[in-house]
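Trainee: Given the sequences, and given the hints that come with them, work out the whole structure.
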Amino acid sequence: MASTADDGDGELQFRDPEKAEQLTEELESLMDDIGEPVNVMHVCGSHEQAIAKFGLRSILPDDLTVRMGPGCPVCVTNMPEVDEAVALAEEGKIVATYGDMFRVPGTEKSLADAKDEGADVRVVYSASEAAEIAAEEPDREVIFFATGFETTAAPTAAVLTADPPENFSVLSAHKYVPPAMEIVAEMPDTDVDGFLAAGHAAVITGYGLFEDFVSEYDTPAVVGGFEPIDILFALARLLEFIRDDEAGLANAYQRCVTEDGNVPAKEAMWEVFDTTSGEWRGIAEIPDANLVISDDYAHYDARERFDIDVDAGASDPLTEDCICGDIMAGKADPDECELFGEECTPQDPVGACMVSSEGTCKIWLEYGGQPDL
Amino acid sequence: MSNSDDDRTADESSGDGYTGDDVITHAHGAGGGQMTDLIEDMAVSRFADSEADVGLAALDDGSVQPIDDDHSVVVTTDSHVVTPLFFRGGDIGRLAISGTVNDLAMMGATDPLALTSSLIIEAGTPQSTVERVTESMRETCAEAGATVTTGDTKVMGSDEIDTLAINTTGVAVVPTGGHVPDAGLSVGDKLIVSGTIGDHGISLLSEREGFDFGGGLASDVQPVNDLVRAAMDAGEVTAMKDPTRGGLATVLNEMADKAGVGIDLDEPAIPVSGPVSSAGEVLGIEPFDVACEGVVAMGVASDDAEAVLEALRDNPKGEDAAIVGEVVEEHTGQVVLDTGFGRRYLTPPEGEQLPRIC
Chain F
939 MASTADDGDG ELQFRDPEKA EQLTEELESL MDDIGEPVNV MHVCGSHEQA
989 IAKFGLRSIL PDDLTVRMGP GCPVCVTNMP EVDEAVALAE EGKIVATYGD
1039 MFRVPGTEKS LADAKDEGAD VRVVYSASEA AEIAAEEPDR EVIFFATGFE
1089 TTAAPTAAVL TADPPENFSV LSAHKYVPPA MEIVAEMPDT DVDGFLAAGH
1139 AAVITGYGLF EDFVSEYDTP AVVGGFEPID ILFALARLLE FIRDDEAGLA
1189 NAYQRCVTED GNVPAKEAMW EVFDTTSGEW RGIAEIPDAN LVISDDYAHY
1239 DARERFDIDV DAGASDPLTE DCICGDIMAG KADPDECELF GEECTPQDPV
1289 GACMVSSEGT CKIWLEYGGQ PDL
Chain U
302 MSNSDDDRTA DESSGDGYTG DDVITHAHGA GGGQMTDLIE DMAVSRFADS
352 EADVGLAALD DGSVQPIDDD HSVVVTTDSH VVTPLFFRGG DIGRLAISGT
402 VNDLAMMGAT DPLALTSSLI IEAGTPQSTV ERVTESMRET CAEAGATVTT
452 GDTKVMGSDE IDTLAINTTG VAVVPTGGHV PDAGLSVGDK LIVSGTIGDH
502 GISLLSEREG FDFGGGLASD VQPVNDLVRA AMDAGEVTAM KDPTRGGLAT
552 VLNEMADKAG VGIDLDEPAI PVSGPVSSAG EVLGIEPFDV ACEGVVAMGV
602 ASDDAEAVLE ALRDNPKGED AAIVGEVVEE HTGQVVLDTG FGRRYLTPPE
652 GEQLPRIC
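Just so you know, the protein sequences line up as chains F and U, in that order. Mapped onto the numbering used here, the consecutive letters of the first sequence carry residue numbers 939 to 1311. Mapped onto the numbering used here, the consecutive letters of the second sequence carry residue numbers 302 to 659.
Please keep in mind that the hints were generated in silico from the structure rather than gathered at the bench. Nothing false has been slipped in among the hints.
Dumping the calculated SDA-like pairs for lysine to any residue here, alpha-carbon to alpha-carbon at most 20 angstroms:
(1) F:K991 with U:E568
(2) F:K1031 with F:E1055
(3) F:K991 with U:V583
(4) F:K991 with U:S579
(5) F:K991 with U:E582
(6) F:K991 with U:P569
(7) F:K957 with U:D567
(8) F:K991 with U:S578
(9) F:K957 with U:P569
(10) F:K991 with U:D639
(11) F:K991 with U:D565
(12) F:K991 with U:G575
(13) F:K957 with U:D639
(14) F:K991 with U:N554
(15) F:K991 with U:P572
(16) F:K991 with U:D567
Quick look at which bits of chain F chain U covers, simulated, 3 or more residues with Cβ under 8 angstroms:
(17) 953-966
(18) 987-993
(19) 1278-1286
(20) 1295-1304
All residues carry an ideal CB built from backbone N, CA and C; glycine is no exception.
Mentor: Laid out in structure tokens, this is it:
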């Protein structure tokens, strides 16, 4: 196991430019040792945001490419799932969801569109806030359109295990990351030399979860945090594995992540959710990567409670030109998309990657993408 | 022509049967590209005046019209709606007076001759609320050396307006050529901000969302005409804007674009208070993207930068003033931020700010 970033230095200064410079030199040296281009994939929108926000790509070695994979939970939420939420909202029910989901286009419209047309759609910060709305509005059905990976699935589960109001239910679009990493690792045209695994999700699942993945796919993985020093440190550990041609696993986020993770949170998650096969928007049908509400909690499952009548209509013709799927599979960068920043903007998004603060396209538009500076 | 100060939360109501491009949305008031498009389509095409020193088409903070050989009149107007009406650090009355005094000041007109005030009030609003607001307007006028000389009052139904809206217009006279446009940056100029960034926007967003980040988070709303006067007395101010709607990111991009120059910014030098920085990270919102209501961003001739900085810091409103960057030839029309780690573009925010998932 690799050491944490603060070993040897005492207290880690997460935003210490001098430490960043040392780590950048270490990355240059490791790339010299490797002697060929390296492609690294991270699987978390927060990683992409930190990389872009701090301008890290401008200081990375030229032949080290860091791309984002299917790491935005909003982006991988499939259009029919949005359509279900829109249908419930249009039936007069209260639909509560995270701000990121508000503008994600379904086949025909987004929840924001539905709200424009009079539906009661509420933006919330948490599943518990949605349950509070249900308590405040006992005569209305309140549906939490639940999206996100382990980081938000566990809190959704916690709310359901705590006897929420009877008029509360969950429309689960929660997803589970590890099977998606396997799919991406198997894609023949996605050439990934190593994975920077998401620190948020690993807080819940523990880094030990990735052991099987590393050995099965013979690809190194390092769990990393989200400060600039965290990211540079994790990349250095990953390059060490690549240099040594070792499919190793390291935890470079030891201040938050343990081998077993948050055991009570995991227990709640697996009590409430089962895995099932499902389509990740633009990527593929992924086995065991969608989280559906288990039989024991079926009375809180919006799909069980309501006969959801999806009237999806025709999708935006521009979606045929959207390359979000390729971007999330690590095959393309946002500025390779013809729609990027022109027909597709955060205010009027074509693809989901332009909506969420976790989406690569939105992040690239906000921070100027991969600037040649 | 200044941005409207619609600080209300996103409430996506639409017209009757109109959808998509047919209706005005909150994004049109958010200070970004859609707002500019709307203003250009609806107003500039109809009212642009080529005779003015600074006309509507310049989309500056106000207009400048010659009145005789030696003087020009500066006029600006702004409407204010904000939720809540009374917030940490200020209220809608202080906002309305400060906003218009500051828009005049951004044109280099630091001595307002007269202000107008138009109140549109929802029927049912307590008289004490209106009294508190107008008293705050009086106090802010006194602070700014301004006065309201004429006004108007309208009362509307409860489904027609939310509590209170205030329009203020300001008039001032400047010597011919004495105004400061927002398009005046030249390569080599230094960029100065007069105080900490993002206080108003982050504070209001936090308050609306019900987050209590402890003490220290409050709006910076205040008239800054005295600060601007001190700066102009101390050196050559080449361009000015106050980063209201759209924040520092928007105004610097506008200034770079209008002048056909690039801007290099040093992020560690930009003053951001600890509470604003922390709250911004929790909310997932950049302090550079949200409104300030008591800060000015200015370009200053390089040789005068230290003197102007000193003059700003001599005033308590400017004690956090800092030189934050410079005007460069490269990346024309764009702002590049050195984060202390690497470099990236600082782009204007698009649309409304929504809370993120994680």
